[in-house]
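Student: As a plain string of letters, each chain reads:
There are 2 protein chains.
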Amino acid sequence: MSGDVVPADVFKLAMRRLAAGVTIITTCHDGERCGLTATAVCSLSADPPQLLVCVNRSSQAHDIIKRGANLCVNLLARRHKALAARFAGQKKGVVGEERFRAGKWTTLKTTAPALDDALASFDCVVRETVESSTHTIFIGNVVEVRLRAEGHPLLYAGGSYAGLQVIADRRKRTAVTAVTRRPAKRRRAKRA
Amino acid sequence: MSGDVVPADVFKLAMRRLAAGVTIITTCHDGERCGLTATAVCSLSADPPQLLVCVNRSSQAHDIIKRGANLCVNLLARRHKALAARFAGQKKGVVGEERFRAGKWTTLKTTAPALDDALASFDCVVRETVESSTHTIFIGNVVEVRLRAEGHPLLYAGGSYAGLQVIADRRKRTAVTAVTRRPAKRRRAKRA
Chain W
1 MSGDVVPADV FKLAMRRLAA GVTIITTCHD GERCGLTATA VCSLSADPPQ
51 LLVCVNRSSQ AHDIIKRGAN LCVNLLARRH KALAARFAGQ KKGVVGEERF
101 RAGKWTTLKT TAPALDDALA SFDCVVRETV ESSTHTIFIG NVVEVRLRAE
151 GHPLLYAGGS YAGLQVIADR RKRTAVTAVT RRPAKRRRAK RA
Chain V
193 MSGDVVPADV FKLAMRRLAA GVTIITTCHD GERCGLTATA VCSLSADPPQ
243 LLVCVNRSSQ AHDIIKRGAN LCVNLLARRH KALAARFAGQ KKGVVGEERF
293 RAGKWTTLKT TAPALDDALA SFDCVVRETV ESSTHTIFIG NVVEVRLRAE
343 GHPLLYAGGS YAGLQVIADR RKRTAVTAVT RRPAKRRRAK RA
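Respectively, the protein sequence lines represent chains W and V.
For the first sequence, position 174 (counting from the first letter as 1) is numbered 174 according to the working numbering, and the numbering increases by one without interruption.
Heads up: take any position in the second sequence, counting from 1, add 192, and you land on the working numbering.
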């Protein structure tokens with residue numbers, strides 16, 4: 001078989017179909033914070049607790065993390081859609097420290113900003129970096145986790161933000177939080 | 193700050209909140225096929241087209257890919273929920289070749305099985321491996337892509353399978369495929 005790869009546009013078109021949870025990855029160096037919206041985040045191992053993120057080498061955060069700063073991965077909820085757009089650079093000219101004027105940010109163990117009402121925040125010490133042509137994979141050891149009350153995760157698929165919908169399970173009630181309001185309507189109907 | 197990591201159970205609990213698209217990763221060695229359900233899949237770069245997958249070192253597929261076999265990443269649709277469970281080992285004793293008795297499987301450029309009606313299949317030549325304690329990261333160059341008609345992606349979050357739900361956008365109609373049947377009902381209503 002040939003080792004030739006597919007054209008970039010074909011790859012991108014197909015990758016739009018990979019639905020993923022939306023996160024904001026943050027870092028901080030000498031008191032200056034920066035961050036970016038990312039979906040390329042994976043759990044790597046539970047023991048030791050490690051995750052990986054793929055960060056574009058053209059981003060400001062990339063160079064800071066590369067030089068040794070830590071990072072924090074914040075899992076976004078549906079209510080964070082505007083914040084996701086802001087950290088994705090969709091508000092022109094809003095970069096670096098300016099992005100943090102929206103949302104409430106604190107820190108955990110490292111100096112990387114943690115979004116106060118994220119579904120979960122993973123505070124990481126970067127253990128290893130693997131370089132690719134356009135992106136770097138950062139592997140982080142998770143040194144602190146902050147969990148908030150469960151909420152509706154924000155997803156990205158097909159070039160748009162989306163929410164999660166329960167698939168009914170005949171055997172048991174599923175634990176995934178429903179975003180549809182139908183069950184509430186059914187309850188009202190029974191009461192009436 | 194301390195370099196101490198969080199306990200594995202705390203990490204796992206928080207990671208349940210990272211919603212992700214469900215895939216089946218396959219490989220083939222000497223005509224023997226094997227595969228596993230996975231959510232730890234990321235796009236790495238578009239030029240060259242590369243993705244990464246994190247595969248548990250205890251899986252049969254891991255050792256085969258590690259020894260030099262290629263792999264195929266198949267993005268699942270909602271209709272593949274039972275297939276996802278089968279390849280996740282939820283049907284006891286169904287391993288290796290036996291798993292492929294469900295679904296229609298073909299091949300693309302490599303010998304790794306491609307699910308005929310996956311939302312998209314990414315046929316990859318493994319370019320690099322990065323070892324972690326329990327998992328290995330395989331970085332693949334994408335040598336062929338097969339796209340099928342758009343469908344509803346299968347997601348996994350909070351320990352359950354789920355679907356995608358559109359978030360209404362006031363400015364434009366979103367491109368994400370809705371899983372609710374409401375629009376169809378509206379169309380019927382108009383015709384009536």
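Hints are not guaranteed to be accurate.
Said to hold, decoys possible - Okay, derived cross-link-like pairs now, EDC-like style, lysine to aspartate or glutamate, Cα gap no bigger than 16 Å in a straight line: (1) W:K12 to V:D239; (2) V:K301 to V:E290; (3) V:K301 to W:D4; (4) V:K204 to W:D47.
Keep in mind that the hints were calculated from the coordinates and are not lab data.
Student: For each hint given before, does the structure comply? Return the numbers of the non-compliant ones in rising order.
Tutor: 2
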